[in-house]
Each structure stands twice: as C-alpha cells, then as structure tokens.
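Student: Top to bottom, those sequences are chains A and B. Under my numbering, read the first sequence as residues 79 to 198, first letter to last. Under my numbering, read the second sequence as residues 79 to 198, first letter to last.
Be a bit skeptical, because a hint or two may be false.
One-sided excerpt, in silico: chain B residues whose CB lies under 8 Å from chain A [to be verified]:
| hint | residue |
| --- | --- |
| 1 | A161 |
| 2 | H168 |
| 3 | Y169 |
| 4 | I172 |
Bear in mind the hints are in silico, worked out from the structure with no lab data behind them. Here a beta-carbon is modelled for each residue, glycine too, at the ideal position from N, C-alpha and C.
Protein chains: 2
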Amino acid sequence: MHRTPPRLHLRLIYDGLNFGPGKADLLALIGETGSISAAGRRMKMSYKRAWSLVEEMNAAFRVPLVDTARGGSGGGGAHLTEAGQQVLTHYRAIEARVLRGARSDLDAITALLSDMSDGK
Amino acid sequence: MHRTPPRLHLRLIYDGLNFGPGKADLLALIGETGSISAAGRRMKMSYKRAWSLVEEMNAAFRVPLVDTARGGSGGGGAHLTEAGQQVLTHYRAIEARVLRGARSDLDAITALLSDMSDGK
Numbered sequence: 079m080h081r082t083p084p085r086l087h088l089r090l091i092y093d094g095l096n097f098g099p100g101k102a103d104l105l106a107l108i109g110e111t112g113s114i115s116a117a118g119r120r121m122k123m124s125y126k127r128a129w130s131l132v133e134e135m136n137a138a139f140r141v142p143l144v145d146t147a148r149g150g151s152g153g154g155g156a157h158l159t160e161a162g163q164q165v166l167t168h169y170r171a172i173e174a175r176v177l178r179g180a181r182s183d184l185d186a187i188t189a190l191l192s193d194m195s196d197g198k
Numbered sequence: 079m080h081r082t083p084p085r086l087h088l089r090l091i092y093d094g095l096n097f098g099p100g101k102a103d104l105l106a107l108i109g110e111t112g113s114i115s116a117a118g119r120r121m122k123m124s125y126k127r128a129w130s131l132v133e134e135m136n137a138a139f140r141v142p143l144v145d146t147a148r149g150g151s152g153g154g155g156a157h158l159t160e161a162g163q164q165v166l167t168h169y170r171a172i173e174a175r176v177l178r179g180a181r182s183d184l185d186a187i188t189a190l191l192s193d194m195s196d197g198k
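The task is simple: from the sequences and hints, build the whole structure.
Tutor: Right under this line is the structure:
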C-alpha cells in the first residue's frame, strides 16, 4: 500500500503568463532574502534566470510583483510589492485548498499506486 | 481588467511517477479512441512517446491503467482498465474542485494581471 501522499504542482496558464511552483517559490524566497540573486541561489538557479522570471512576472501584472534595485556585482536588493505578496498568498491558498479539499480523491489515486512507486 | 480565467495544470508528484494533464488527457483519449496510436496522434505525440507514457503509468500502479494489445503496423487496440478509469475520474474531480473552490483566489490573481497578458 502506497502511503506517501503526492506533492502537488499547480500551474495557472494565462495567455501571457504561466504561474506555477517555480515562480511562487521564487517570490517567496525574494520576500525572505530580500535579494533576487540569493533567492535564485537557494533554487539553484542562475541570477540571469531568476532575473528573467522576475521581469516576466513584472511585465505580466498591472503593477510589478517585485520591486528591484539593480546593484553592484552581487545584485541589488529586492522586495515583494503588495501585489507580489497578494499573488503569492492567493496561490498558496489555492494549493492548500487542493490538499485539503481533494484529500479523498488524492488518497484514492495514491492507494492504487504500487509499492515500487514509493521508492524513497 | 483581465477577464479570462486561467487554465489549470495540476501535477501529482509521487516518488516514482509524475501524473499531470498530459497523462490524464492521454488516458481520456485512449478511452475515447480505443487506441494508443490514435490517442497519441490527437495529442500530436509520436506513438513511441504515447506508448512510453502508458508503460510508465502501467508500471507505477498496482494494476495496469491501460490494457494493451500490441498489434500490426497500426498498433493494436487498447482500453482503460477499471483502475485507469478510477485514476482519471479522481484526477478530473480534483481539477474541478480547484476551479470551483478556488474561484475567489483565482479571480484575485486574474484581476491583478495587466490587459496585455490577455493577448488572445
């Protein structure tokens, strides 16, 4: 009997933006570290990649989600705007709701998995 | 004001299996067409790719999700097993629950998007 519940990846597909776990984690880590480069490092992502995801999000929303100050060699500081905090909060709320509300459907799928799929 | 709600991609991450929209659609189309190759074609997927996804699912679950009969040049028939139908039904139920239950959180994110993200 497979006992480990799955992790969930939830992706919102808009015409001009895909918003999923990667961007959500990046926002959360920028909020935590105050730095795009530090957030990127924590995700094993290049600074260039992290910056490009931030630019993509900032362009897609009516107001930027991340307020950035390009700095010197290490990259400048950055923080979540109110909109950035709102998007992250709503995304996390959706994730939590799936895990809570879909428990029985998730358990039904999990119960059908072979033990071999529970490798770790 | 951005009015188009997003499409949702929901992926269940188990240690031995990722189950998301691609595998769900493939199961649904196999059920509909009775053929792995026809289902793959509808998804613009090679037969080899479709077959490999089916094998991956069949190996990950305690019983196969797709009952296959390798055939001649065109590939044999295939149909969903009871387990396959169950997995698909539960996955679709989770998707529907997200869309229903998370409406206000989704709307809040959607309302923050710029008009430019509503390209089509």
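Student: A closest beta-carbon separation below 8 Å is what the hint needs, so does A161 (chain B) meet it against chain A?
Tutor: holds (6 Å)
Student: Would the stated hint for I172 (chain B) survive a check requiring a Cβ distance to chain A of less than 8 Å?
Tutor: holds (4 Å)
Student: Given Y169 (chain B) as an interface hint, is its Cβ closer than 8 Å to any Cβ of chain A?
Tutor: holds (7 Å)
Student: Does the closest beta carbon of chain A sit nearer than 8 Å to the beta carbon of H168 (chain B)?
Tutor: holds (4 Å)
Every hint from the earlier list agrees with this structure, and none is contradicted.
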